[in-house]
Structures are given as C-alpha cells and as structure tokens.
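**Student:** These are the residues of each chain, in order.
2 protein chains.
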Amino acid sequence: MKPMKLPTEARLRQLIEKNNIKALREFCETGHPAAVAEMLSGLNKQEAWTVLRNVDFPVRAEIFSHLDEDFGAKIIGILKRDEAAHLLSDMPPDDRADLFKRLPEEIRESVLPSLAKAEREDIRRLAAYQEGTAGAVMTSDYAMLLPHLTAVDAIDHLRHVAPDRETIYYAYVVDENRKLLGFVSLKDLILARRDAKVGDLMNRDFIFARTDEDQESAADKIQKYDLIALPVVTDEETLVGIITHDDAMDIITQEYTEDMEKFMAIAGPHEDAVYMKTSSWVHFKNRSIWVAMLAVVGLVSGFIVQSFEGILMQVALLAAFMPMLADTGGNTGSQSAILVIRALAQKEVSPRDIFRVLIKEFRVGLLLALILAAIAFVRVLLLSGGTQIPDHFSLSRIGLAVSLALGLQVITATLIGAMLPLGAARLKLDPAVVASPALTTFVDITGLLIYFMTVKWVLGM
Amino acid sequence: MKPMKLPTEARLRQLIEKNNIKALREFCETGHPAAVAEMLSGLNKQEAWTVLRNVDFPVRAEIFSHLDEDFGAKIIGILKRDEAAHLLSDMPPDDRADLFKRLPEEIRESVLPSLAKAEREDIRRLAAYQEGTAGAVMTSDYAMLLPHLTAVDAIDHLRHVAPDRETIYYAYVVDENRKLLGFVSLKDLILARRDAKVGDLMNRDFIFARTDEDQESAADKIQKYDLIALPVVTDEETLVGIITHDDAMDIITQEYTEDMEKFMAIAGPHEDAVYMKTSSWVHFKNRSIWVAMLAVVGLVSGFIVQSFEGILMQVALLAAFMPMLADTGGNTGSQSAILVIRALAQKEVSPRDIFRVLIKEFRVGLLLALILAAIAFVRVLLLSGGTQIPDHFSLSRIGLAVSLALGLQVITATLIGAMLPLGAARLKLDPAVVASPALTTFVDITGLLIYFMTVKWVLGM
Chain A
237 MKPMKLPTEA RLRQLIEKNN IKALREFCET GHPAAVAEML SGLNKQEAWT
287 VLRNVDFPVR AEIFSHLDED FGAKIIGILK RDEAAHLLSD MPPDDRADLF
337 KRLPEEIRES VLPSLAKAER EDIRRLAAYQ EGTAGAVMTS DYAMLLPHLT
387 AVDAIDHLRH VAPDRETIYY AYVVDENRKL LGFVSLKDLI LARRDAKVGD
437 LMNRDFIFAR TDEDQESAAD KIQKYDLIAL PVVTDEETLV GIITHDDAMD
487 IITQEYTEDM EKFMAIAGPH EDAVYMKTSS WVHFKNRSIW VAMLAVVGLV
537 SGFIVQSFEG ILMQVALLAA FMPMLADTGG NTGSQSAILV IRALAQKEVS
587 PRDIFRVLIK EFRVGLLLAL ILAAIAFVRV LLLSGGTQIP DHFSLSRIGL
637 AVSLALGLQV ITATLIGAML PLGAARLKLD PAVVASPALT TFVDITGLLI
687 YFMTVKWVLG M
Chain B
237 MKPMKLPTEA RLRQLIEKNN IKALREFCET GHPAAVAEML SGLNKQEAWT
287 VLRNVDFPVR AEIFSHLDED FGAKIIGILK RDEAAHLLSD MPPDDRADLF
337 KRLPEEIRES VLPSLAKAER EDIRRLAAYQ EGTAGAVMTS DYAMLLPHLT
387 AVDAIDHLRH VAPDRETIYY AYVVDENRKL LGFVSLKDLI LARRDAKVGD
437 LMNRDFIFAR TDEDQESAAD KIQKYDLIAL PVVTDEETLV GIITHDDAMD
487 IITQEYTEDM EKFMAIAGPH EDAVYMKTSS WVHFKNRSIW VAMLAVVGLV
537 SGFIVQSFEG ILMQVALLAA FMPMLADTGG NTGSQSAILV IRALAQKEVS
587 PRDIFRVLIK EFRVGLLLAL ILAAIAFVRV LLLSGGTQIP DHFSLSRIGL
637 AVSLALGLQV ITATLIGAML PLGAARLKLD PAVVASPALT TFVDITGLLI
687 YFMTVKWVLG M
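The listed protein sequences derive, respectively, from chains A and B. Residues are numbered in our numbering as their position in the first sequence, beginning at 1, plus a constant of 236. Residues are numbered in our numbering as their position in the second sequence, beginning at 1, plus a constant of 236.
Worth flagging that the hints you see were computed from the coordinates, not collected in a lab. The reader is advised that the hints may include incorrect statements.
Identical copies carry no separate label here, and so any pair may be met within one copy or between two of them.
[To be verified] Below are the DMTMM-like pairs computed for lysine to aspartate or glutamate, each with C-alpha atoms no more than 20 Å apart in a straight line:
1) 281 with 666
2) 460 with 305
3) 457 with 486
4) 692 with 424
5) 423 with 298
6) 460 with 265
7) 583 with 274
8) 583 with 494
9) 460 with 486
10) 513 with 584
11) 337 with 367
12) 513 with 589
13) 423 with 389
14) 415 with 342
15) 281 with 584
16) 583 with 245
Generate coordinates for the entire structure from the input sequences, incorporating the hints supplied.
**Tutor:** Below, the structure is given as structure tokens:
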C-alpha cells in the first residue's frame, strides 16, 4: 500500500522557481485533485498558474474545480482569453457556474464569446437560479436514458457518456420532452436481463427536488434516503439537473456553520465566510449589528436596576448576586434553546409538540433550579463576611430570597429558551434566529424583574 | 411522475386493526424503506411488528435497518428466537452490530446460537471496536477483487455479489492475505477493455482509514475527496471494512450536534441524544454538571463585586451597568470563539496561526469596543435622571469611566474568545470544549475587575 505522497510547500516553491515542469506535472497527476488544490491555495495566483499550466486539460480543470472560488476567479483574471475559456469549458458545470458568478463583469464579457454556445447557455441557465436553492447547486452533467432502451444498450450508452458525467451510477429516465419518469441505478442495469427494457426496470417512486427548493431541504433528502444523487426538476417536471452526494455533504456542512453563526447572532452571508479571508471590517459589520442592538435593548435592564436602587443601597450584598443571576439564566436558557433547535432540525420534535416539550423542560428546569438555589444559598452565607446588613434582615432570610429568585429565574429561562425556537418554527422562521445573545438579553430583563420583586417580597421591603 | 404516496398514521393504524395484510405489504414494498421506517416509529413495538411480519425478508430487513436502534431493540425483544435471528442475518452488518449492542444480555445470549457462524463472528468483530472509531461505523459488506481478474470477469463477479453488498460502485483490490492494494470503481471497469487486468486498472494512491481512527476524521476524508466509500484497514493494512458516503453524512451531522451541545456545555454521550426519548433526569444530569460548576466558580465574581461595595454605595448608578457589561462580554467573546472553532473544524486556520487570528480579532474587537462604548456613554446620560451622584463626580466623567471599561472588556473578551479554542486545539483538545457558558463566566470575572478598576482610576476614588 502506497499512501499518497505530496511535496512540502517549500519543495513546491523550489520546483516552481527551477521551472521543473516534469516534477510539477507529476505532482498534479499523481496527487488527488482535492489535495493538490489544497496545496496550491498556499501559493499566489501566478505561482498556482505556473503549476497548473503544465498539466493536461482534464486534470487541470479537475484540480481547478477544487480550488476556493475566489482564488479561482483571481487566477482566471491573469489568463489569456482562450486559456480561460478552455479551462472553464472543461470544468464541471456547477463549479463553473459558481466560479463565473465571482468573475468581474469585464472578464465575464471577454470570456463568454470564446465559449461554445452550449456552454454559454449552460452557464447562463445555472447562474440564473437564486443562491441557496437546489437550482443554484445542481449540475447539468447527468446521465439520461430513454425508456425503450434495453439494459445492455443503456450500459453501452452510459459507457459512452461516462467521461463527461458527474455520475453514471444513477441514470434518469425521461420522455422525449425531458419529463422525468424515473431512474435506474447502474447496479439495476448490471443485474437485469440484457434485453430488459429501461422503462420496466426503472424506479417510478423516486425522490426529487424542485429548482426553487431550499438547498438544505434537497440535501436532507439525499441524507435521509441514502442517495448518490437527487434529480432536480422544474414546475413542469422537466429534468434540469442533479445534486450529487458530495455536494449534499458540503451543503450540510455549510448550513451547520450558518446555524451556529446565526445562533451566536452573527449576521451576513454565511456561505462564503472564510474566516481568514474575510476582512476585519466585514467581521465587525457582521458581528456588531446584533450586539449593538442588544446593548441598546439592555437599557431596559439598566432602568430596572436603577428603579430598585433603593434596595441595593440598603442591602449592598444583593448586587454581588446580579452577575450570577444573569449568567445562570443565559446559560440554562441557551442550553434548552440549542437542544430544541437541534431536535427541530433533525425532525425529532415539531412545533405541535410544544406542550410535551414544555413539560419536559419544566421538569429539567425545576431540578436545575433546586441545585442552583442550593448553591446560591451557600454563596450568600460565604459572602456575608465583612458586609453590612441592616439589623432587621437575617442572613438566612436574604439567602432564602436570593435562592428563590434564582430558582424562579432558571425555570423561566429554561421555558423561554425552549418556547422561542418552537414559536419561530411555528411562524415558519428558522428556529436558529432565536440567537443566544438575544435570548440572554431577554432572560436578563425577566431575571432582574424576578430578582428584585422576589427579594422585595421575601424581605418585606 | 408519481410522487411517493404514504398512508397517514391514522390510516396505518386502521389497516393494522383490520389486519389488512395485503395493504400493509403494499405500503412497505412501495414506500422508500427510510420513509416506511419513519412512519413505523409512530407506532408501538407490537403494531410495528404486525406491519413488518407480513413483508418479505429482504425488504423487512431493509426497513428495520432504518429504524432507530433503541426501537429496533425493543421489537427484537418481542420476537421468537428464530424470527429475531432471521431478521438480524438479513440486515446490513454495520446496522446489525449497532443494534446488537443495544440488546439486553439475555436476548443476545438467546439469539446468537441461532445465527450462522460467519454472522456470529462478524457481529462479535464489529461490536468489538470502540464507539466513535472508524472500526465501529464500518460495514463488512464490501466488494473485493483479486488483481489478476480481467475487467469483464470483475464485472461478472460484482454482478454475482451485488445483492449482498452495500455498494458495488467501488471494489477493493486485495492480495491473497486481504492486504489492500488499491481500488477500482465500477465506472473504471465499464470503461476498460474487456481483457484489461484489475491490477493494472486499479488506483494505487487511495485514501483509507485505520480501524482506530476517529470516525470524524474518516468522514472528513470522504467529504474532502468526494468518495462513495472509504476502505478501513488494520495496522497490518488488511482490509476489514468500508464506510459509505451515507454513513459519513450521518457522522458529520452527529459530530456537529455534539459540537453544538459541547459548546453550550451540555455533557453526556451526544450520539444517542434523541431529545424526546431522553428522560428529564438524564437531561438534568447532562446540563447541570457544568452550569452548577460555573455557578460555584461565579463565587469569584460575587467576591469582586463585594470587595468594591464601597464604590457601589457611593455611586449606585454604577450597578445599573453591570448586566450590560456581563452580557456584552459574553456575547462578543462567544462570537469570536464560535468563529474560531468553526474555522478550526474546517481547517481554515491552525493553532500555528494564533498571532494572525489575534491581530484580526484585536481589530474587530477595537471596532466593536468603539461602537459599544458610544452606546454606553449615551446610556449613562439617559439613566442619570433621578439618581443621586456625589457632587464631586460629573455625569460625563462617569460616562467616560463606564465607556472605557466596557471598551476594554469587549477587546479582552474578543481576544480571550479567540485564544481559548486555539489553545485547546494546540493541546490536542476539541476546541469546542471552550464552552460558551464557561467563557461567559470567565469573561465576567475579568470584566468586573476591569470595570471596577477603570471606574476607580477615572473617578479617582
């Protein structure tokens, strides 16, 4: 067994400097295109092109399609028009359309006329679908079969088209108007009698996506039904593309990152968020919107504290428990929110289950409240040394007040944390919009009200 | 085009009650196994078995392998020994081994002797790998070829074994000791000359995983290299299983849920965390550990507030900004933490980039500090009405103190949020252990120190 060997980055630069074409070709042709592309990302656009220029066309295009799109667009920018056109025409249609969208207007205008008419139209069609839909991620390199073919003729046809197709393991059966009728797997064809008709072999109960369907929903179908590819159809049920399992995996990863960032109230298009390549200014814009808005909303908590200033002046010790109250409420609320968001995403619960979820969360919240109230009570006793307490309040009474308030806060926060994502889902919003910082700010306000009112009541102030 | 039709749950129950075997069979045989399994999950074990009992063996096993493992184990529990053995022997080996681990000891003991020797050994072998490793998620139903076969003989062999193999699209080439030499795709075989030798056709530079490798690392390889399946080998490079693309997708989803839960400081085995099926008590245990520990650590922030009690007594207004300080620090710190954690997970940054990351975060933090300090200054002016300020402090001086403290807190929190996951990664820990609640508690402590010290210094107290 020979594990893949790649040169180090230093060695690669050396080869480029020496213009050692033979070694560079070998590097590109023996390494996996994804691994080669990863190494090229460490170079500048000129160096990367020096490496790619010497490689045969299909391999070059394959490596290129694994490059980060922005880097790819930069390289296209330094090529001659014909070189760029040739490279684009060899790329898989979906990657090509994505790359094309990143090219500056003038390069697009200059390259398009050098492409064959079919490719020009393919790029235009694929680039027209809205970002985030099944149409925008599908590829047009799929294998089609007509129903009257025999199994052996179908395999022959697939063999013929294989080099240009993303996959030949699934072939889609269409009528003369490209209306999707079903699909056959290469396995079905190989197992069938030689003269069996494709129309009889095909699976008629197939899963598909519409072009305007959310890319996440399409990827979920691929995951749920263990598919290698999913056909994408228009409203007229015409087959226009497929989404392959590897693209589905990338969509799912991208959606996760998006969910996580949303949950932390980070705005902006999450798709291309490449951490190091995003400028500090864009990072700032994405992160500041919500945080700043919440700081303004936080005014309310300031007003609450201020309106109970009298109580704080009398029992200064009470201020020492405000940070714990804020943190514990935020933590327990965010925990139940994240669990409910994940359960919603994995279809384990639906908005209709709201009462079952709330009962469960109430029980969990009650248990959490008991343990945290106990900790708070001990804290009051520990922190009491050196502070001045008005004579008519006993320390245990203050402990009772703080514990009770914290317990109520934990139960409320847990319930709010579970309720908000369920509510968002019911309103057909993404449950992850119930961002943890927003929840924390909200729970802080309810928490301070609970705290001061409970303290006032228990201490009879 | 005929979209998949499934009966409603009510209709399904009706069919079961009427014991309408024909309709139940049709339901199972026309629906996708994953969809049928999903519907069965709504029934009780007895009802589910009534549906499955009437279906032919291979279909029954396929539906069964899509059921949640705990539910599957419950159904196995009510079967006769021979029924259980037959069902298990038809299942894909990886699902079977997973299900087997869930069965109570006495059922395992009773079923094992009814299984064929090869299956018994297969179960024992697969169940022996540690949870979370490539060995534990692989399946032993892969297609093998010897290098001296011709392409046409190889296709013939694959046709022969296809019904029992998870995939025949990749076939693994081994020597007589099962040492992995390379792999061929079915596409390679179909495109090759009929008499080409498998040994000449095979890819020798292939990607693989070791049995004890982390399942996440194996799934990442499938994602990075767009594979349909990944071979798993022992330390002696003997082929023992494969991981398929659909299992890789499930692993990635599971690891993501785990990361999210870890980030929210939720403990426990994240793999089987099915929200509704987990008891409130287990939820409580998983969530309370960290939250309770942090509440204890939070004692420190209480001590800090208490030791600056004198300042609060003089300028009570200062207490009103403590919640904002705590929230803003937690929010900005968690944001930079989540971005760095995701960037680490997607290999966009490595622990070696720590200085580049910190410079970027410092810039972002500085910008955030400016905007939040401005908001804080306005807040001081707005909240000043009705409060008593000692004569020798001007309102704008208090505003300056609060703004400066908040700005410093935001910069510190942003840097700490970025630094902790990078530090964890350098120590080869999962960056997600830097849970948001822990970070919040930590940043609270630093924040309160910054706050009181800045205020003391600016106001000259």
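**Student:** All hints are to be evaluated individually against the structure, with a verdict given for each.
**Tutor:** Each hint, compared with the structure:
1. Taking identical chains as interchangeable, the C-alpha atoms of residue 281 and residue 666 are never at most 20 Å apart, the minima being 39 Å within one chain and 34 Å between chains.
2. Proximity of residue 460 and residue 305 under a CA criterion of 20 Å is satisfied inter-copy only: 16 Å between copies versus 29 Å inside one chain copy.
3. Taking the closest pair of Cα atoms, residue 457 and residue 486 come within 20 Å of each other both inside a single copy (14 Å) and across two copies (12 Å).
4. For the homomeric pair residue 692 and residue 424, neither the shortest alpha-carbon distance inside one copy (75 Å) nor that between copies (79 Å) is at most 20 Å.
5. Proximity of residue 423 and residue 298 under a CA criterion of 20 Å is satisfied inter-copy only: 17 Å between copies versus 26 Å inside one chain copy.
6. When the C-alpha separation of residue 460 and residue 265 is checked against a cutoff of 20 Å, the pair qualifies only between copies, where the shortest distance is 18 Å, while the shortest distance within a copy is 35 Å.
7. In this homomeric assembly, residue 583 and residue 274 come within 20 Å of each other (Cα to Cα) only across copies, at 10 Å, whereas the closest approach inside a single copy is 35 Å.
8. Taking CA atoms no more than 20 Å apart as the test, residue 583 paired with residue 494 passes in both settings, with 18 Å inside one copy and 16 Å between copies.
9. For the homomeric pair residue 460 and residue 486, the shortest alpha-carbon distances inside one copy (15 Å) and between copies (9 Å) are both at most 20 Å.
10. When the C-alpha separation of residue 513 and residue 584 is checked against a cutoff of 20 Å, the pair qualifies only between copies, where the shortest distance is 9 Å, while the shortest distance within a copy is 37 Å.
11. In this homomeric assembly, residue 337 and residue 367 come within 20 Å of each other (Cα to Cα) only inside a single copy, at 10 Å, whereas the closest approach across copies is 43 Å.
12. When the C-alpha separation of residue 513 and residue 589 is checked against a cutoff of 20 Å, the pair qualifies only between copies, where the shortest distance is 13 Å, while the shortest distance within a copy is 42 Å.
13. When the C-alpha separation of residue 423 and residue 389 is checked against a cutoff of 20 Å, the pair qualifies both within a copy, at 14 Å, and between copies, at 16 Å.
14. For the homomeric pair residue 415 and residue 342, neither the shortest alpha-carbon distance inside one copy (37 Å) nor that between copies (55 Å) is at most 20 Å.
15. In this homomeric assembly, residue 281 and residue 584 come within 20 Å of each other (Cα to Cα) only across copies, at 18 Å, whereas the closest approach inside a single copy is 47 Å.
16. Proximity of residue 583 to residue 245 under the C-alpha cut-off of 20 Å is restricted to the inter-copy arrangement: shortest distance 16 Å between copies versus 45 Å within a copy.
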